[in-house]
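Based on these hints, arrange chain H on the given structure of chain X.
Protein chains: 2
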Amino acid sequence: MSQAHENSQECKDGVLAGLAGGNGTEKSNSEKEKMDKNNNKFLIIPNNCEVCSSDIAPEDGKTIEPTTVEPASITSTKPSSLIHESTPEPTSSEMSTGLFSPSLDLRHSTFIEDENERESDMKPQTRYSDGSVRLRNPHIELMDQDILYHLALGSESHDLIEMFQDIKFVCIGGTPKRMEEFAYFIMREIGHKIPTGTQLLDISQYSYRYSMYKVGPVLSVSHGMGIPSVSILLHEVIKLMYHAKARDPVFFRIGTCGGIGIDGGNVIITEEALNSELKPYHEISVLGKKIRRPSKLDRRLREDLLSLAHEKDNAYDTVVGKTMCTDDFYEGQARLDGCICEYSEKEKMSYLCELNRNGVTNIEMESLAFAALTHHAGVRAAVVCVSLLDRLKGDQVLAAKEVLNEWQLRPQILIAQYIKKELGLIPIQRKSPILSSFPAIPCSCPHSTVMRVKSPRRMNMVQQESESYD
Amino acid sequence: MSQAHENSQECKDGVLAGLAGGNGTEKSNSEKEKMDKNNNKFLIIPNNCEVCSSDIAPEDGKTIEPTTVEPASITSTKPSSLIHESTPEPTSSEMSTGLFSPSLDLRHSTFIEDENERESDMKPQTRYSDGSVRLRNPHIELMDQDILYHLALGSESHDLIEMFQDIKFVCIGGTPKRMEEFAYFIMREIGHKIPTGTQLLDISQYSYRYSMYKVGPVLSVSHGMGIPSVSILLHEVIKLMYHAKARDPVFFRIGTCGGIGIDGGNVIITEEALNSELKPYHEISVLGKKIRRPSKLDRRLREDLLSLAHEKDNAYDTVVGKTMCTDDFYEGQARLDGCICEYSEKEKMSYLCELNRNGVTNIEMESLAFAALTHHAGVRAAVVCVSLLDRLKGDQVLAAKEVLNEWQLRPQILIAQYIKKELGLIPIQRKSPILSSFPAIPCSCPHSTVMRVKSPRRMNMVQQESESYD
Numbered sequence: 001m002s003q004a005h006e007n008s009q010e011c012k013d014g015v016l017a018g019l020a021g022g023n024g025t026e027k028s029n030s031e032k033e034k035m036d037k038n039n040n041k042f043l044i045i046p047n048n049c050e051v052c053s054s055d056i057a058p059e060d061g062k063t064i065e066p067t068t069v070e071p072a073s074i075t076s077t078k079p080s081s082l083i084h085e086s087t088p089e090p091t092s093s094e095m096s097t098g099l100f101s102p103s104l105d106l107r108h109s110t111f112i113e114d115e116n117e118r119e120s121d122m123k124p125q126t127r128y129s130d131g132s133v134r135l136r137n138p139h140i141e142l143m144d145q146d147i148l149y150h151l152a153l154g155s156e157s158h159d160l161i162e163m164f165q166d167i168k169f170v171c172i173g174g175t176p177k178r179m180e181e182f183a184y185f186i187m188r189e190i191g192h193k194i195p196t197g198t199q200l201l202d203i204s205q206y207s208y209r210y211s212m213y214k215v216g217p218v219l220s221v222s223h224g225m226g227i228p229s230v231s232i233l234l235h236e237v238i239k240l241m242y243h244a245k246a247r248d249p250v251f252f253r254i255g256t257c258g259g260i261g262i263d264g265g266n267v268i269i270t271e272e273a274l275n276s277e278l279k280p281y282h283e284i285s286v287l288g289k290k291i292r293r294p295s296k297l298d299r300r301l302r303e304d305l306l307s308l309a310h311e312k313d314n315a316y317d318t319v320v321g322k323t324m325c326t327d328d329f330y331e332g333q334a335r336l337d338g339c340i341c342e343y344s345e346k347e348k349m350s351y352l353c354e355l356n357r358n359g360v361t362n363i364e365m366e367s368l369a370f371a372a373l374t375h376h377a378g379v380r381a382a383v384v385c386v387s388l389l390d391r392l393k394g395d396q397v398l399a400a401k402e403v404l405n406e407w408q409l410r411p412q413i414l415i416a417q418y419i420k421k422e423l424g425l426i427p428i429q430r431k432s433p434i435l436s437s438f439p440a441i442p443c444s445c446p447h448s449t450v451m452r453v454k455s456p457r458r459m460n461m462v463q464q465e466s467e468s469y470d
Numbered sequence: 001m002s003q004a005h006e007n008s009q010e011c012k013d014g015v016l017a018g019l020a021g022g023n024g025t026e027k028s029n030s031e032k033e034k035m036d037k038n039n040n041k042f043l044i045i046p047n048n049c050e051v052c053s054s055d056i057a058p059e060d061g062k063t064i065e066p067t068t069v070e071p072a073s074i075t076s077t078k079p080s081s082l083i084h085e086s087t088p089e090p091t092s093s094e095m096s097t098g099l100f101s102p103s104l105d106l107r108h109s110t111f112i113e114d115e116n117e118r119e120s121d122m123k124p125q126t127r128y129s130d131g132s133v134r135l136r137n138p139h140i141e142l143m144d145q146d147i148l149y150h151l152a153l154g155s156e157s158h159d160l161i162e163m164f165q166d167i168k169f170v171c172i173g174g175t176p177k178r179m180e181e182f183a184y185f186i187m188r189e190i191g192h193k194i195p196t197g198t199q200l201l202d203i204s205q206y207s208y209r210y211s212m213y214k215v216g217p218v219l220s221v222s223h224g225m226g227i228p229s230v231s232i233l234l235h236e237v238i239k240l241m242y243h244a245k246a247r248d249p250v251f252f253r254i255g256t257c258g259g260i261g262i263d264g265g266n267v268i269i270t271e272e273a274l275n276s277e278l279k280p281y282h283e284i285s286v287l288g289k290k291i292r293r294p295s296k297l298d299r300r301l302r303e304d305l306l307s308l309a310h311e312k313d314n315a316y317d318t319v320v321g322k323t324m325c326t327d328d329f330y331e332g333q334a335r336l337d338g339c340i341c342e343y344s345e346k347e348k349m350s351y352l353c354e355l356n357r358n359g360v361t362n363i364e365m366e367s368l369a370f371a372a373l374t375h376h377a378g379v380r381a382a383v384v385c386v387s388l389l390d391r392l393k394g395d396q397v398l399a400a401k402e403v404l405n406e407w408q409l410r411p412q413i414l415i416a417q418y419i420k421k422e423l424g425l426i427p428i429q430r431k432s433p434i435l436s437s438f439p440a441i442p443c444s445c446p447h448s449t450v451m452r453v454k455s456p457r458r459m460n461m462v463q464q465e466s467e468s469y470d
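Top to bottom, those sequences are chains X and H.
The numbers in full-length UniProt numbering rise by one with no breaks, and the one at position 137 of the first sequence is 137.
The numbers in full-length UniProt numbering rise by one with no breaks, and the one at position 412 of the second sequence is 412.
Just chain X, with the same shape it has in the complex (with noise of 0.2 Å):
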């Protein structure tokens, strides 16, 4: 693999060439689009890879079929078992969808496939008569307190009924800095006030791990990176819903990623999460045992989510696709740039050109236990991520900070049309710069929300004036 494919101006027909906005604000000539049947625009994603299809020849004499590959935005059922032939299917007995009972064999639970029907099953086990959210946990109502740990909330030390039971949208992300300015967009798009002189709280700021911020029915929380550190507050907020008698709750990972065969600033609706087996569940290891829970997501959210993107002739694609989900950032993603690196560019470009060639559009590091916890759990969820970069095109994010900022709003902007269109909202008219042009930087989050401001071009002037005054 040449250096120019690293660059990605040879390659064009294939996944390489630009299958949307070169920079995120145009979309390229070569992007190919099908309607479906409810007039939503879908990109497709080519099948040949010209540069690298040379590259991609079966290892030990095995036999690589040629694929149809689906539209990044239709769900396959179909395995995905191209690049580990001899990794078996989960079968009924490996996955885990078993519900308590204290003799209970894991490995013996049976896996549902059909999604309504699996919906249906898992009602009564995870939900009250009311609505409100039921635990797959017969210990906790046993115990005195729930110390929620890393959240610095407790059943007993804290009132969260009268806290929490009005939430109805869970929004997580990657960092405290992101997860507040999104609470304070979520407060200005649902026209939420909290009283002149107020600020929002970060609730958990004495866990000095993740951050949280309530903004009327929206929880918006931080989860830092990977899978062990997001499955943790997944296990505190689902607790955290239950103690709070919250009914129905939806959940949303709001996050960044690298794009495969997707430019930097598309936003990707994730359908499936995948290991790094291409395999749709996560493995977890409880009391010693391999279990093995279906990475499933919320389909009707998703689909909502994707017609409320298409309303809008955005700058930017939205599509629905395949996403890989990481244990490391480096390594695991196939990067050129980690502490250790031990195989070549080519080998790198043949196995990203495989994951196209497998549908997956894009590559993260939560979005697995994200998806097999909350399907679980019984609750909606959907996980949304804007591309940073085209990772068939290089590793490093080169683009300008300003440009990246703005990125990190497209997919907020997505969960704030589903909650205010929930809540009954009429979409509110945009007279704020910030979000009719999508600026690259939010102004000084709680100074332009909380502040009422009238005319924030006045209030810049009133501020730098006041900070001329010694």
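It is worth saying that the hints were derived from the structure and are not from the lab.
There's no promise every hint is true.
A pair holds if it fits inside one copy or across any two, identical chains being indistinguishable in the list.
Result set (SDA-like, lysine to any residue): computed pairs, CA atoms no more than 25 Å apart in a straight line [unchecked claim]:
| # | residue 1 | residue 2 |
| --- | --- | --- |
| 1 | K177 | S207 |
| 2 | K420 | G131 |
| 3 | K393 | L142 |
| 4 | K346 | S132 |
| 5 | K193 | V250 |
| 6 | K393 | P138 |
| 7 | K289 | R335 |
| 8 | K289 | A152 |
| 9 | K168 | K290 |
| 10 | K177 | H150 |
| 11 | K177 | K214 |
| 12 | K296 | Y208 |
Same frame as chain X, now just chain H:
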């Protein structure tokens, strides 16, 4: 298993009997000690757990052979294969320690068991002749610039040699707060001075992910929670050491953990990091293939730390033991208090006692990747954790905040002793009440150190007076 067992009052002579101080400040009567040839004091973990022995009937007709449990402090070279007899041991072809080659097949590298042989073998690959860090990645030096995203540093944007060449010790731990406190603590310990009117800067503040502080030759960095988070940090910090041309830096993880038969407040130096199957390797997925890296820590460093710990008659014990590293805090560590729990208390206790009989002294979530990555990069490293509770007695940490804060200082004190010794510093006479009595909450970091306080008592009075005036 009865609730009484959970509370551990009935279990007299087995694993549940206090192996160390009850509340971390006194040693229990049932403790058994042993001296080695260097007069280091070891704790012996008994093999017979009266309460649990009946609960560990082998499943599926497998025979579990009786084993002689080794003292937690003595290195065992035997594979811990009791729990997963069917899991094959890694073969030489599965362990990857291979050096870079464009056509390298990672699965056919050779795993060399002997530590000394391994060290001499690795040295040319991981060090230049002057002792500065060399990377197992030939791509980095071909790059125009190397952006260390998660540290907010870059090889061309920052003069990394000027900034970091003097680093000798890299200390990492979970939260930004703890590592800021450690930075001020080590500053005081090594007598490092910064100009009046300055305070330590969070060098990585604009990454919004990790916090990094530099105190002379010591780097203090937060690593978040879990293997993915610590892996990202290590990749970038090792690259930072490379760009800075730092010579032979030593890495420490300073953490907290759940003890197995080790009461809260006692300190554990990891002899070997084990995965959830009790195997001493970290399995990662690289280009879709599973590779295993031995999770070895530096033996000499561990022995030096243990000797230092036993130079003083602390009110708590310091032991060497095997650390199990998990990807999940709740189900992965057999807790009953996650949002999902599909096993009984009895099954949980059987599992924990099984861990105990296999020589596991503690459980945490980072040591495996920390050991594997540093070992493969040729970096000498150690893991020192304080136990927050004995998991054989419960799941939730119930010690008071002040007690927990004091416990968390204990690994820091040991690392500080090592650093001072390495720097050739005569142990500082500890006049400050902070160090002599290890109080619960260290006073506010910048003021107690940067202000060059003559009398802490009078400083507190001045601060109180000052606060009283409007």
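* Find the hints from earlier in the document that the structure breaks and name them by number, from lowest to highest. => 4, 8, 9, 12
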